[in-house]
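Peer 1: Letter by letter, the chains look like this.
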Amino acid sequence: MTAHVEAPASSALARKFPPIAEFVIGSLALVIVGGIYMASKFPRRPPLALPIALLAGSIVLCLVAAVMTARLHDFAWARFRLVFGWALLAYVFQAGMIEYAFVHNNASGAPLAVITLLLVMFALDVPFVIAFTAARYSSPPAPTG
Amino acid sequence: MTDSAHAMAAPGGVVDGAPPRPAIQIVPLKGLWVVGVIVVFLIVSIAEDWRWALDFFHVAGGGLWTGIDLFVGLVVGPILGRLSIPARAEFSARFMPKMVLIMPTVVLMTLAAGFQLAVNLGNLDPSSPNHDWLVVSFVVVGVMAVIALGFLEPANIAVLFEMKKPVPDGEVIAKLMQRFVYTAGILGLMQVATLVIMTRVATQ
Chain P
13 MTAHVEAPAS
23 SALARKFPPI
33 AEFVIGSLAL
43 VIVGGIYMAS
53 KFPRRPPLAL
63 PIALLAGSIV
73 LCLVAAVMTA
83 RLHDFAWARF
93 RLVFGWALLA
103 YVFQAGMIEY
113 AFVHNNASGA
123 PLAVITLLLV
133 MFALDVPFVI
143 AFTAARYSSP
153 PAPTG
Chain C
505 MTDSAHAMAA
515 PGGVVDGAPP
525 RPAIQIVPLK
535 GLWVVGVIVV
545 FLIVSIAEDW
555 RWALDFFHVA
565 GGGLWTGIDL
575 FVGLVVGPIL
585 GRLSIPARAE
595 FSARFMPKMV
605 LIMPTVVLMT
615 LAAGFQLAVN
625 LGNLDPSSPN
635 HDWLVVSFVV
645 VGVMAVIALG
655 FLEPANIAVL
665 FEMKKPVPDG
675 EVIAKLMQRF
685 VYTAGILGLM
695 QVATLVIMTR
705 VATQ
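The listed protein sequences derive, respectively, from chains P and C. Residues in the first sequence are numbered from 13 upward in steps of one, following the numbering used here. Residues in the second sequence are numbered from 505 upward in steps of one, following the numbering used here.
I should point out that these hints are in silico values taken from the structure, not numbers from a laboratory. Among these hints, one or two may not hold up.
[Said to hold, decoys possible] When the alpha-carbon atoms are kept at most 20 Å apart in a straight line, the in silico EDC-like pairs for lysine to aspartate or glutamate are as follows:
1) P:53 with C:629
2) C:669 with P:86
3) P:28 with C:675
4) P:53 with P:111
5) P:28 with P:111
6) C:668 with C:594
7) C:669 with C:594
8) P:53 with C:636
Starting from the given sequences, assemble the full structure and let the hints guide the process.
Peer 2: Next up, the structure:
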């Protein structure tokens, strides 16, 4: 392969971003640990202290990531919104399938509420990290403002 | 980074004799109806507790998931890592959109049907000899989910967007492809653990 085309003036790799993806992946990891804990106790009613703590940690990490993202300048917001919207649709559907599996097997009350909130975080975290990753490489190499 | 890292022609165009780049559709819309049919059948199978269908979805989905991860991670990935950047880009432009549809579908088939089977067969009950093995399998799947959803899939989508640009950045594509190759390799190795656990559960 010998094709050669002018490289972009400066690569998007040169720009450093805050650890947004790391925080969202951390949030996702906490949600998954909580989900594993709930599923491993099912169909019995599990103690909810640990999954609630994991859920709270997940929410905090996701919020920190959201604040860091909102503060970004010269970010490819159009791409972020486009990818986030479509990925959200896909992962709301996936989370709905998991919720359905629990409801079908008679999960109810507080455990179901915790599972639902864990799934809400799952359905937000995955689109967030996908959209951020797609948008960061579509953003200008360095802020101009 | 060598010059070849930037050797990307405009979509559909030809540069210095390079083949035209394929038009990239990030989600292959033509395949969505297949996914729809599978998901509807899966929901009905769970709702009606159809044992054969649940077994089919779990075994067929799990076999595909494990096989694809092993093949991509341990065979395709290392080959991809040794190709030139333009060759990687051309392969990825045709390969990755298909993975965007196939992998979530087989994972959903496997996990949803598997959970229902575990409940129906009593394997989730703490007194079941399979309970601890299932929890270990949850942990393995959980680690794979973090790697796949947090690292591999974002890289997959981002590389497709990069390749749709009029002048893609070869360095970005190389970095994202490297992430794809490494994470696919890790997932492939972790699938070996899944094979051990599932064959153990099936023979307890």
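Peer 1: What are the numbers of the hints that this structure violates, sorted from low to high?
Peer 2: Hint 5 alone not satisfied by this model.
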